[in-house]
Structure formats: structure tokens, C-alpha cells
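So the sequences go chain by chain: H and B. Per our numbering, the first sequence runs over residues 1 to 367. Per our numbering, the second sequence runs over residues 368 to 734.
FYI, nobody ran anything at the bench for these hints, they're computed from the structure. You may find that some hints are simply not true.
Okay, the calculated bits of chain B under chain H, using three or more residues with CB under 8 Å as the criterion [unchecked claim]:
no. : stretch
1   : 600-607
2   : 664-672
Just so you have them, the derived chain B footprint on chain H, three or more residues with Cβ under 8 Å [unchecked claim]:
no. : stretch
3   : 8-21
4   : 128-135
5   : 145-151
6   : 195-208
7   : 240-253
8   : 288-302
Each residue gets a CB set at the ideal place from its N, CA and C atoms; glycine is no exception.
These are the residues of each chain, in order.
Number of protein chains: 2
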Amino acid sequence: MTFGVDNLPYGVFSRPGEAPRVGVRYGDHVLDLAPALHDEVFAAPSLNPFMARGRTAWRDTRALIQNKLTDDTSMTERHLIPLEQVRLHLPFEVADYVDFYCSIDHASNIGQIFRPGTEPLQPNWRHLPVGYHGRAGTVVVSGTPVRRPRGQLGPDAFGPCAKLDIEAELGFVVGVPTTLGSPAGAFEEHVFGVTLVNDWSARDIQAWEYVPLGPFLGKSFATSVSPWITPLEALPRIPGRAQLPEPVGYLRRQSDWGLDISLEIVLNGEVVSRPPYSSMYWTPDQMLAHMTVNGASLRTGDLFASGTISGPAPGERGSLIELTWNGSEPLKFSSGETRSFLEDGDTVTIRARAGELTLGEVSGTIV
Amino acid sequence: MTFGVDNLPYGVFSRPGEAPRVGVRYGDHVLDLAPALHDEVFAAPSLNPFMARGRTAWRDTRALIQNKLTDDTSMTERHLIPLEQVRLHLPFEVADYVDFYCSIDHASNIGQIFRPGTEPLQPNWRHLPVGYHGRAGTVVVSGTPVRRPRGQLGPDAFGPCAKLDIEAELGFVVGVPTTLGSPAGAFEEHVFGVTLVNDWSARDIQAWEYVPLGPFLGKSFATSVSPWITPLEALPRIPGRAQLPEPVGYLRRQSDWGLDISLEIVLNGEVVSRPPYSSMYWTPDQMLAHMTVNGASLRTGDLFASGTISGPAPGERGSLIELTWNGSEPLKFSSGETRSFLEDGDTVTIRARAGELTLGEVSGTIV
Numbered sequence: 001m002t003f004g005v006d007n008l009p010y011g012v013f014s015r016p017g018e019a020p021r022v023g024v025r026y027g028d029h030v031l032d033l034a035p036a037l038h039d040e041v042f043a044a045p046s047l048n049p050f051m052a053r054g055r056t057a058w059r060d061t062r063a064l065i066q067n068k069l070t071d072d073t074s075m076t077e078r079h080l081i082p083l084e085q086v087r088l089h090l091p092f093e094v095a096d097y098v099d100f101y102c103s104i105d106h107a108s109n110i111g112q113i114f115r116p117g118t119e120p121l122q123p124n125w126r127h128l129p130v131g132y133h134g135r136a137g138t139v140v141v142s143g144t145p146v147r148r149p150r151g152q153l154g155p156d157a158f159g160p161c162a163k164l165d166i167e168a169e170l171g172f173v174v175g176v177p178t179t180l181g182s183p184a185g186a187f188e189e190h191v192f193g194v195t196l197v198n199d200w201s202a203r204d205i206q207a208w209e210y211v212p213l214g215p216f217l218g219k220s221f222a223t224s225v226s227p228w229i230t231p232l233e234a235l236p237r238i239p240g241r242a243q244l245p246e247p248v249g250y251l252r253r254q255s256d257w258g259l260d261i262s263l264e265i266v267l268n269g270e271v272v273s274r275p276p277y278s279s280m281y282w283t284p285d286q287m288l289a290h291m292t293v294n295g296a297s298l299r300t301g302d303l304f305a306s307g308t309i310s311g312p313a314p315g316e317r318g319s320l321i322e323l324t325w326n327g328s329e330p331l332k333f334s335s336g337e338t339r340s341f342l343e344d345g346d347t348v349t350i351r352a353r354a355g356e357l358t359l360g361e362v363s364g365t366i367v
Numbered sequence: 368m369t370f371g372v373d374n375l376p377y378g379v380f381s382r383p384g385e386a387p388r389v390g391v392r393y394g395d396h397v398l399d400l401a402p403a404l405h406d407e408v409f410a411a412p413s414l415n416p417f418m419a420r421g422r423t424a425w426r427d428t429r430a431l432i433q434n435k436l437t438d439d440t441s442m443t444e445r446h447l448i449p450l451e452q453v454r455l456h457l458p459f460e461v462a463d464y465v466d467f468y469c470s471i472d473h474a475s476n477i478g479q480i481f482r483p484g485t486e487p488l489q490p491n492w493r494h495l496p497v498g499y500h501g502r503a504g505t506v507v508v509s510g511t512p513v514r515r516p517r518g519q520l521g522p523d524a525f526g527p528c529a530k531l532d533i534e535a536e537l538g539f540v541v542g543v544p545t546t547l548g549s550p551a552g553a554f555e556e557h558v559f560g561v562t563l564v565n566d567w568s569a570r571d572i573q574a575w576e577y578v579p580l581g582p583f584l585g586k587s588f589a590t591s592v593s594p595w596i597t598p599l600e601a602l603p604r605i606p607g608r609a610q611l612p613e614p615v616g617y618l619r620r621q622s623d624w625g626l627d628i629s630l631e632i633v634l635n636g637e638v639v640s641r642p643p644y645s646s647m648y649w650t651p652d653q654m655l656a657h658m659t660v661n662g663a664s665l666r667t668g669d670l671f672a673s674g675t676i677s678g679p680a681p682g683e684r685g686s687l688i689e690l691t692w693n694g695s696e697p698l699k700f701s702s703g704e705t706r707s708f709l710e711d712g713d714t715v716t717i718r719a720r721a722g723e724l725t726l727g728e729v730s731g732t733i734v
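Please model the complete structure; the sequences and the hints are all you need to start from.
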């Protein structure tokens, strides 16, 4: 079974006329957790109250669900609802959204495209995971149509974005908050789980606006996330990549938080790239340590994403600007069509596997 | 009376043992609005539910409060609580926080300090109000101690920030949200009021981290706001500054949203600067139009700030990095002390007047 008892991602669902509430995906069904576990925390329209309970509760709940699904089948069957009967919602209330830039291949590609002939990585890149704040209010659930943004494309150019792009990313969702002034503790004490992210990007808007304060309208029109949050506990871990120079103290890895996740980017039904998360330079525990080293507090529902995931090979790049080298090498499809950037009606789906585990996909169509 | 019936800023207060709720400042008192107006929207611990009601409700409520304070004194006196008996809280739940860069004198000063001998303004600066997202979760109410952040200060330097600075700004608080995909309508239909903002800045952390994605940890450790939100309706308006080149269509001003607000920055009891808001290049209606032109939605509680307010004269600069020209010209105090940047124990207060109107001040002490 694709979404078996070793997986069990959490989401928020509703049936027509009913209030949204928390469930767990099991095969092609959703387990309605509030009645199944007799716990009102799952009657909330978001995962936030449950995520705030912390790691012990997350583990106990997961074990309880696994036991019920395995041993108590007649009881649980009453609370299993076929997926085709439900609507899936944004699974958590997003507090702050931070986007990092953790792929050395992505950062190198972007450097080569925009500053050919110079050192592609900025001087700070190998010393800290570069990141910035995105717009939390425009994080939307998979399936939400993405409207092509309008904006300034240059000093005398205004109109619809002509370089609409994707960024295939992995997002990390914070459950347990911190107090202002204190850096976060261990990664696994704060982070509840992961979700696939498509950080839609208007490259022409971004190029004109981003000096000196960073991306703004080129990113803020929509960021799509999967309806399913995979618990951290379900993910196999591997060592992170070697890092040179060795990072400063607070960024030294305390344990292995490399993740062996293989992504696929599907554009109008054809796989156009297979980015490997294992190639990322900065690991998520390093992102968390960096984000809070200055005393910035975490809230339940904070989302931080890896930045575009690109591997070293051409077929492993996580954005169209890299895959088409800023439009100079359009993608060719079996239909004969080509694409430099996204056209209206295009559908992009990002899916991923971590070993035997399938992550919930994220999809969106340009309108 | 300093906070008379023409002023009436809103805040959230509590007395010991009582729940926080909404009040209006009247002289040295807070009017307890829920019982005074028999409206449970003011029993909430934040202004958000009231702000979401929209402009007609804001105007009617203000008129009702003015009438009650003027004509119904015996009734209202029962609901006036002396300020010294209450604690003031963050007055609204911050949804997204955007910080702009709207002062041409500030942007020019920063350009001259960091890129001497070159054109101080970036090519995009006169074409759009440059902005970026800040951290909503670390917006704190005036009086909250500000802990000196630690971080990377360069490739081999880690430690406490040595260039801790302020930014005197005006913040705009959104009441009425928009739908994803649709630009905002008229400024006065969405924006509820204004608040003084101190956007604390770690200049050394910021300088090392900000290329290419903008400020992150150099800003995210704390942003202080006044406990009082002055309703837009109370503010006198003036024409905005002339703009060359003329902005593109969506940025053309529909009405006058220049504001004649005079600020004072007080460091350990001495006024060190008097920034004039009237010198700002981009007006707040232009910030709102820009922020949403790409279809990004607004939520109740969104905060967007002007960026550092600096006038053309040396005594009108809104940050220490400008006032001391990056530390090369320290401020001298009557005690004989000097300051290039903030030291532990320093207290900074920003206060302001708009004609006869006093804005609620914002203050913080470095610990």
C-alpha cells in the first residue's frame, strides 16, 4: 500500500457541509482522527493545536494510530473516508514563512546565468544558509489555481510576467515554539514534519525589484504546499554533505539530518526533472539553528523551506530557469511543444519518494 | 488635553488578573470599550476583529466614542481607567510584516556610506517602492526589552552584534483583507491606522548576510511598535512629494496621502534627531498598491512600514548609521558620553506629532 502504516501523513479535510478537521492519510482513505482517537484537538480546522503539543505527543499519537489501523480494524473502518469524498485544505496556519537557498548546485547555476565569468557563489554562501522571509498569507494548498502575476518588468515595462517559473522545494513545519531571545534547541524537538513546496517565481519581476532588499513581488503572489505533512519520524535520515570550510559552532551538525528524498517535477504530464534532496549543502537542522541564532522566536506553524532543490546533473535542476538556462535551451515535449517558462494552462506537479515512502504531491495550474 | 477627542488611538490593555481587551486612549485614561459601547468585539485580546469590520464601522465607532466622551460623561467615567493601572499589549495580531524603503534621503545616505563615489540610488529606486518581508512573529510592543543579537559578523567572526541600530519608521495596519489574485482597492478602505515603529537593526550581521536575498537575521530579532494605533481618519493629509520620473499607472496617486508627521528620536533622554515624514518620496497608498499589484492578498493585521524616515538635513536622519555616518562621527551627549551605535542599557524612544495630534510613542531598552 502506497500510504501504509509506516507513512501516515497528516492533513485537514472536509466533506460537503462539514467543518474542516484533521485526518491522516491511509491508502486511498482519510482516517477521521477526532472520533477515531476520541481527541478534540483533531476537530480543529488546522494542525496547529496538535503540532503545539510536542514530540512526545507526536510519537504517542503515531504509535496509537498505527496500532488502531493494524489491530482494531473494525473500529477504524468506521472512521476511514474515501479520498474522493473529501476536500483537502491548507493543513496548518502559516505563522512566518522563511525560504532558504541551500542547494549549492542551484546557487551556482543562478550565479552562472546572471553573472557569467565570475565566481558563481557569493562570499557568504559557504558560511551560512542564506535565507529571507516570504509572504505567509499567500501560502496556498495544492490544487489552488495560480494566477499569472502582473508587475514592473523593467524601468518602462509593466504587464503580465513573461518568465513564470517554479521552484521545487522541501518545507519544514514548526510545531513547538521558542521564547524570544533564546535560540532553538534540537531540531527534532521543534519540527513536526515536512511538505513539498512549489515556490512560484516571476523571474522578470524579481530581476528588476530585488536589489538591494531581496525578492518581494516576484515571489509573494503564491506559494503552493502539499495538503499532506509527513511526520519527521517517518523519514529515513542520512549524513549531510561534507562542508568546506567547516561551519562556525552553532552550525555544526549535532546529528544526521540529511534526507534521501528523490523528487520529480512533472509539467503537463511529462517528467522534466528529478532533483535529489541528498545533494543539498545545508541541512534542515542548520537552517533552524541559523534562523534562531539571533534570538528570533519560533511560533507553531512557522514554515521554512529549503530553497530550490537542484542536483549536479542537467536533468536534476529544480527550476525552469536552470532547466532551460534562462530560456536559451527550451524543454522539448513528446507532443512537439516546447517550454522556456510556464504558459497559461500549464500544470506543474511535484512528487517525491524517500526510500519506500511517498510524500504527498503538490500541484498547481496557471490561469 | 494631549489625547483628546480628536485623537483617540486604539490599543489593547489589561488590569492585573483581567483578560486583555480593546480600549481607546483619552487623556491619561483608557476607555474600556466593550462595556462602554456594549459591543463584544472589543472584548477580544486584539484589534483584529474590530479592524476587519471596515471603514463604515470605524467611522461610526469613532463618532460614537466622541459623542459619549463629550455628552455622556457620567456614563463614560465609569469606564475610564487610569493608564498607570493598566498594562499595554501588542495591539493587533500581526499577519504579514512588510518593510519598505521609501525615504529618498535615507536610501541616498545608505548608498553614499556603502558605495561612495557611485550613484547612491539603485536603478529601480525611483520606479517602485522597494520593499521586503520581515518577521511578523518578532514584532513586539513598546517597552519590551531588546536583547542584543548574536550572529555571524563576517567569514570568521561570530559574536554579539557590535553595530546595533534603530530605524524610525511609520507603520500602517491593514483592517480589510483582499482576495488572492485581486489588487487592493482604495487605501482608506483597507488601512485602519498608523503606529510608530522601531525596526531594530544589526548592521554588521546585515552587511554580511544580505547579498543576494536581502536582510534576514539583521532585522528579525525584534521590531517594536507603539501600543497605540492612531486611526487614519484622525490624521491630517498633505500632497505627496513630486516624483520624477512619473510612476507607472498603478502607482499614480489617486488622492493626497502625504502625511505631515514630525518625529523625534530620543536616546537616553536626549533628542538626537527630528525626522520629517513629509520628506518621504513614496506615499503609503503607493506602498499598498505596489504590495498587491501582483495579486498578493492582504489579511487583517498585515503591517507595512515606511522604512527609515530621514529628511535632507543631518539632524533629520532616522538611524544611527546615518547620524554617525557609519560610526565615523559619533553623537555627543550633554553628559560627555558619545555613541556610534547602541550600548547595553541604552533606551531609545520615538515620538511624533501630526499637527496638533500626538502619536503613541515606541520605546525599547537594550539588554
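Evaluation of the provided hints:
1. Under a criterion of three residues with beta carbons nearer than 8 Å to beta carbons of chain H, the stated coverage of the stretch 600-607 of chain B fails, only 0 such residues being counted.
2. Under a criterion of three residues with beta carbons nearer than 8 Å to beta carbons of chain H, the stated coverage of the stretch 664-672 of chain B is upheld, 4 such residues being counted.
3. Counting residues of the stretch 8-21 of chain H whose CB lies closer than 8 Å to any CB of chain B gives 0, which falls below the minimum of 3, so the coverage claim is violated.
4. Interface restraint, the stretch 128-135 of chain H with chain B: holds (7 residues with C-beta to C-beta distance below 8 Å; minimum three).
5. As drawn, the stretch 145-151 of chain H meets chain B at 4 residues by the rule of a beta-carbon pair under 8 Å; at three or more, the given contact holds.
6. Here's how the stretch 195-208 of chain H fares: 3 of its residues keep a CB closer than 8 Å to some CB of chain B, so the rule of at least three is met and the hint holds.
7. Using a Cβ-Cβ cut-off of 8 Å, 3 residues of the stretch 240-253 of chain H lie near chain B, which meets the minimum of three, so the contact claim holds.
8. Check on the stretch 288-302 of chain H: 10 of its residues sit with their Cβ under 8 Å from a Cβ of chain B, so the three-residue criterion for coverage holds.
Of the hints listed earlier, those the structure fails to meet are numbers 1 and 3, in rising order.
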